[in-house]
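There are 2 protein chains.
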Amino acid sequence: MRAVCLLSGGLDSSTCLAWANKQGYETYALSFDYGQRHRVELDAARTIAKALGAAGHRVAAIDLRVFGNSALTDDIAVPKGRDEARMNAEIPVTYVPARNTIFLSFALAWAEVLEASDIVIGVNALDYSGYPDCRPEFINAFEAMANLATKAAVEGRMRVRIHTPLIQLSKADIVRLGVELGIPFGLTHSCYDPDAAGLPCGECDSCLLRAKGFREAGVEDR
Amino acid sequence: MRAVCLLSGGLDSSTCLAWANKQGYETYALSFDYGQRHRVELDAARTIAKALGAAGHRVAAIDLRVFGNSALTDDIAVPKGRDEARMNAEIPVTYVPARNTIFLSFALAWAEVLEASDIVIGVNALDYSGYPDCRPEFINAFEAMANLATKAAVEGRMRVRIHTPLIQLSKADIVRLGVELGIPFGLTHSCYDPDAAGLPCGECDSCLLRAKGFREAGVEDR
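Sequence lines, in order, name chains A and B. Count the first sequence with this note's numbering and you get residues 1 to 222, in order. Count the second sequence with this note's numbering and you get residues 1 to 222, in order.
Rather than coming from a laboratory, the hints here were simulated on the basis of the structure. Some hints could be false.
When chains are identical, the list treats them as one kind, so a pair holds in a single copy or across two.
[To be verified] For lysine-lysine, the following BS3-like pairs were computed, each having C-alpha atoms within a straight-line distance of at most 30 Å: (1) Lys50 with Lys22; (2) Lys212 with Lys50; (3) Lys22 with Lys212; (4) Lys80 with Lys212; (5) Lys80 with Lys151; (6) Lys212 with Lys151.
Treat the numbers as computed from the prediction; the structure is a model and nothing was measured.
Just chain A, same shape as in the assembly:
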């Protein structure tokens, strides 16, 4: 059985890909070149897809800069050093409008072409940096929509399931799961605002959450 796995090249999506492999799926990893400032994550995604043995990997080019309005795609500063209370209280400027809706739509298209029904996404409703499109109610609504959207679903050959294996896990839990699944953490990339050499800033939400996860799990992040 085939599954399309959204793969940014970060810790969460890499863990999801390994999870799907372990479930017995033949995995097809999907990444996006969407004009993100941290495009270095695409190199990580390619390396991870290969390292974990994905049956296929595509990088879809979609220009989200056409609309602007996010610190991840525009000349807006990525917030640094936010504490947990602030992360939980407000949706940051790193939010990209409708990003997961767009990503899942592409995953749906590829799933239909592959005659797959299963889509895996590494959203997380706990340490989630406040993004609305990481919540279970969004995922459920997307799944319901997807089952009305495609030729394969209408013809009864596809029953879309969106899998979110990390949705109720803390970042520390994800690190522990990653250890269990043998994720090569050193190959993953999480930072929103890496330097020219691709090294993480250590201060953006993504870096801070990652550091906290490793710290709490008692695992060293190489």
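Use these hints to put chain B onto chain A, whose structure you have.
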């Protein structure tokens, strides 16, 4: 009030744009360069957006060829000369996997950036060539999902409405509405498989449905 209007440059979407203008919306037209063989429709879209006075127009580049599997994006022959019974009975190879899901997801992103709640799409459940993502149940499910997807919706600043002014109209009704709204039909492009000069083939589903609509409405298609 602003509305994002999906605009392919064809008869239906052009009529929708004019409809939205007449409703009093400040309209923002959105087209896609998705690797379609009939890219000449993008020129039509640009001309129409200007002619109808859209406040903005964007062409988003998204490569749907990355997945393949449609006669509109791949080296698969566009079916010609299908009669109505066949059009109603089977979903043709011109179906592009999850296309309207993807298009609406981008419209949602731009709507959020524009602080708009309204999205207009020219889907049609009657003379619809059998596409599953043109049906009311799909549109309703997308709307429900969209209202859980964005920061603006979660913060109560956006209540997404997907408008489908043509959904219950016959092609002849659409031509009549187009006449009423003063659509410059000669500027629109409907053919899936135009020749090198951009002229319509006259034999694909889209050409046949268009010709039937004009014939039944008793209007000349210049």
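Here's how the hints hold up against the structure:
In the homo-oligomer, the alpha carbons of lysine 50 and lysine 22 lie at most 30 Å apart inside one protomer (15 Å), although the nearest pairing across protomers, at 53 Å, exceeds that limit. When the C-alpha separation of lysine 212 and lysine 50 is checked against a cutoff of 30 Å, the pair qualifies only within one copy, where the shortest distance is 28 Å, while the shortest distance between copies is 52 Å. Taking CA atoms no more than 30 Å apart as the test, lysine 22 paired with lysine 212 passes inside one copy only; the shortest distance there is 26 Å, against 54 Å between copies. In this homomeric assembly, lysine 80 and lysine 212 come within 30 Å of each other (Cα to Cα) only inside a single copy, at 15 Å, whereas the closest approach across copies is 60 Å.
Proximity of lysine 80 and lysine 151 under a CA criterion of 30 Å is satisfied inter-copy only: 20 Å between copies versus 45 Å inside one chain copy. For the homomeric pair lysine 212 and lysine 151, the shortest alpha-carbon distance between copies (25 Å) is at most 30 Å, but the shortest distance inside one copy (44 Å) is not.
The structure meets every hint from the earlier list without exception.
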